[in-house]
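Here the protein sequences come in this chain order: A and B.
Read in order, the letters of the first sequence are residues 609 to 904 in our numbering.
Read in order, the letters of the second sequence are residues 344 to 663 in our numbering.
Quick caveat, the hints were computed from the structure, so don't treat them as lab data.
Just so it is clear, CB atoms sit at the ideal spot from N, CA and C, and this is done for glycine as well.
Wrong hints could be hidden among the right ones.
[Said to hold, decoys possible] So the derived label-pair ranges between C-beta atoms look like this:
no. : chain 1 : residue 1 : chain 2 : residue 2 : range
1   : B       : L578      : A       : G781      : 28 to 38 Å
2   : B       : D478      : A       : I627      : 26 to 36 Å
3   : A       : L695      : B       : L419      : 36 to 46 Å
4   : B       : M514      : A       : Q684      : 42 to 52 Å
5   : B       : I504      : A       : N841      : 48 to 58 Å
[As the list claims (entries may be wrong)] Covered stretches of chain A, going by a simulated chain B footprint (3 or more residues, C-beta under 8 Å):
no. : region
6   : 677-691
7   : 713-722
8   : 726-740
9   : 839-849
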Amino acid sequence: MTGRLLRDHLSLTGLVIIILIFAVTMAAPVLAPHDPLPVELSERLRSADDQYPLGTDPLGRCLYSRLLYGGRITLQYSLSVLAIILLIGIPTGLLAGYLGGMVDGLLMRVADVVLAFPNLILALVVTGFLGPGLINVMIALAVVSWVQYARVVRGMVLSLKQKEFVLAARSAGTGPLGIIWHHLVPNVLPPVVVMATLNLGGLVLSIATLSFLGLGAQPPVPEWGAMINEARNYMVSTPMLMLLPGTAIALTVLGFNLLGDGLRDVLDPQGFTRPRQQSAGSSKPSPRLFSRRGSQ
Amino acid sequence: MQVMLKYLIRRLLTLVPVLLGVTFITFILMDLAPGDPAEILLTRRDIEVTPENLQLAREALGVDGPLPLRYANWLLDVLQGNLGTSFTTGEPVSAEILGRLPATAELAAGGLLVMFLLAFPLGTVAALLRGTVGDHIGRLTALVGASIPSFYLGLLLITYIAVPMEGIPVMGKDEGLISLLLPSVTLGFGLAATYARLLRANLLEVLQLDYIRSARSRGLREAVIIGRHAFRNALIPVVTLLGITMGHLLGGTVVVERIFAWPGVGRLAVEAIFDRNYPVIQGYVLLMGLAFVCMNLVIDLSYRLLDPRVRMEEGEGKVS
Numbered sequence: 609m610t611g612r613l614l615r616d617h618l619s620l621t622g623l624v625i626i627i628l629i630f631a632v633t634m635a636a637p638v639l640a641p642h643d644p645l646p647v648e649l650s651e652r653l654r655s656a657d658d659q660y661p662l663g664t665d666p667l668g669r670c671l672y673s674r675l676l677y678g679g680r681i682t683l684q685y686s687l688s689v690l691a692i693i694l695l696i697g698i699p700t701g702l703l704a705g706y707l708g709g710m711v712d713g714l715l716m717r718v719a720d721v722v723l724a725f726p727n728l729i730l731a732l733v734v735t736g737f738l739g740p741g742l743i744n745v746m747i748a749l750a751v752v753s754w755v756q757y758a759r760v761v762r763g764m765v766l767s768l769k770q771k772e773f774v775l776a777a778r779s780a781g782t783g784p785l786g787i788i789w790h791h792l793v794p795n796v797l798p799p800v801v802v803m804a805t806l807n808l809g810g811l812v813l814s815i816a817t818l819s820f821l822g823l824g825a826q827p828p829v830p831e832w833g834a835m836i837n838e839a840r841n842y843m844v845s846t847p848m849l850m851l852l853p854g855t856a857i858a859l860t861v862l863g864f865n866l867l868g869d870g871l872r873d874v875l876d877p878q879g880f881t882r883p884r885q886q887s888a889g890s891s892k893p894s895p896r897l898f899s900r901r902g903s904q
Numbered sequence: 344m345q346v347m348l349k350y351l352i353r354r355l356l357t358l359v360p361v362l363l364g365v366t367f368i369t370f371i372l373m374d375l376a377p378g379d380p381a382e383i384l385l386t387r388r389d390i391e392v393t394p395e396n397l398q399l400a401r402e403a404l405g406v407d408g409p410l411p412l413r414y415a416n417w418l419l420d421v422l423q424g425n426l427g428t429s430f431t432t433g434e435p436v437s438a439e440i441l442g443r444l445p446a447t448a449e450l451a452a453g454g455l456l457v458m459f460l461l462a463f464p465l466g467t468v469a470a471l472l473r474g475t476v477g478d479h480i481g482r483l484t485a486l487v488g489a490s491i492p493s494f495y496l497g498l499l500l501i502t503y504i505a506v507p508m509e510g511i512p513v514m515g516k517d518e519g520l521i522s523l524l525l526p527s528v529t530l531g532f533g534l535a536a537t538y539a540r541l542l543r544a545n546l547l548e549v550l551q552l553d554y555i556r557s558a559r560s561r562g563l564r565e566a567v568i569i570g571r572h573a574f575r576n577a578l579i580p581v582v583t584l585l586g587i588t589m590g591h592l593l594g595g596t597v598v599v600e601r602i603f604a605w606p607g608v609g610r611l612a613v614e615a616i617f618d619r620n621y622p623v624i625q626g627y628v629l630l631m632g633l634a635f636v637c638m639n640l641v642i643d644l645s646y647r648l649l650d651p652r653v654r655m656e657e658g659e660g661k662v663s
């Protein structure tokens with residue numbers, strides 16, 4: 609499996625990009641030469657030199673330091689949102705799929721309603737009502753995103769629970785929790801990993817977008833999207849202010865997309881995580897592919 | 344046709360709970376809002392905040408009484424086209440939103456056009472060049488294109504195209520069709536990247552079918568095979584894939600309208616968020632939810648009209 613992943617140059621590139629960006633941003637306190645917050649107007653808009661490796665912004669803050677800390681914030685919040693989504697989405701999907709009946713019906717109706725809104729717009733509006741701020745953006749993104757995981761997991765469970773190995777476990781007296789934990793979870797996780805990787809790119813984009821609109825990170829907190837917003841008045845005179853955080857976002861998202869794309873070929877050959885084609889028959893999961901793992 | 348009609352009726356029936364849910368979420372958001380809307384309304388209008396005035400304002404806003412009753416009242420109002428009044432202007436929310444809607448529709452249409460113009464040639468070429476260096480470059484380009492945030496792309500276009508060339512407007516829509524150029528490109532570019540990949544995958548799938556093989560064996564030229572035989576069939580799923588991009592399209596308009604000072608509903612909504620103008624935000628999310636649901640319905644229906652095979656499947660009572 610790892611061999612296949614390594615052979616695929618693009619996904620390897622993605623992995624390298626992600627590792628580098630993580631390493632550099634998480635090491636911000638060590639790598640950054642300056643505190644990213646204090647305003648120093650006498651140092652404003654300086655070009656790059658020994659003291660400021662990438663120059664300073666209109667408020668005299670070290671651009672390099674802000675870039676590092678900004679990435680830290682973007683990544684930390686993206687990962688936190690993802691953790692919340694997974695913690696809500698996976699158990700809900702497992703329970704709804706396995707128990708069926710009322711629980712399932714209720715989940716599907718809730719999912720239908722949440723999916724009836726364009727994602728970014730619902731997140732924007734929820735943030736609007738909660739008030740601007742990174743924490744609220746996090747809540748809003750979690751509210752709109754967990755449904756996709758619940759749905760995919762539910763779909764997988766529905767086809768898995770008909771399989772012989774699950775029936776066998778059940779007839780051997782394994783309880784519902786045992787079946788879910790020992791037989792369903794291991795089969796469900798690989799496609800979820802793919803989804804999560806691809807989703808991280810999307811979350812980075814959403815957080816940056818909402819911050820760019822002024823709803824996420826509030827000044828003086830450095831965040832890549834917010835930094836681009838602050839750079840708007842200087843984009844012709846000092847384009848670096850916009851180019852650096854913009855390229856950083858694009859690189860991060862690209863890294864996650866490349867990696868997720870490669871992981872999909874390895875971990876999700878059935879294509880559960882491919883874009884859904886409405887209710888056309890072609891997207892129905894093909895059950896036969898599970899037997900390999902299930903027969904262990 | 345009877346099958347189609349049955350399908351339509353069933354779809355419309357399943358829409359009822361969804362629409363109720365959409366309106367309920369919209370309604371409940373108002374309850375999430377910090378602060379008492381009645382008090383906000385009074386202070387905005389410079390009316391003294393007294394218990395009597397508060398009570399009057401609550402009744403006027405319909406924020407009095409138990410939740411189900413308030414929801415029912417609100418829903419009745421909405422059905423009559425009454426979405427309340429804007430906190431900032433005092434105008435009816437429905438009028439404000441409808442006034443801004445054409446601009447957003449223009450932008451969305453422009454974005455879709457750019458998406459098609461880019462995605463069709465790119466997707467087709469990538470499918471034809473499958474496995475070659477050209478295909479890999481195409482894949483990389485699409486992945487890069489999908490990774491660039493639209494707000495960043497918009498600013499890049501302004502800085503490196505509009506500013507040096509001077510003739511291209513970047514603010515508002517007062518200069519006619521040309522004003523639509525950069526906003527449409529900004530909106531359509533990212534969508535095109537994803538769409539081209541989907542199109543490529545579909546074309547490849549069709550190219551492996553038996554009838555294409557038989558066309559090849561008859562010695563038809565590749566161009567004829569692609570143009571006359573493969574493309575038509577590849578187009579059908581492409582219609583459904585539109586459903587996936589619609590959400591991104593609507594979401595994208597908010598960002599693009601903000602960058603290019605485009606006077607549409609998205610910009611209205613963002614302004615409303617900063618003004619804590621809750622009735623306008625509420626109207627906006629309701630409108631977007633309805634628009635999204637309707638678009639998906641239309642896409643679903645046209646898919647069935649275009650592809651007899653799906654209709655057959657539906658006729659057998661198979662619903663996935």
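Going through the numbered hints above, which ones does this structure break? Give me the numbers in ascending order. Hint check: 1, 4, 5 and 6 fail, others pass.
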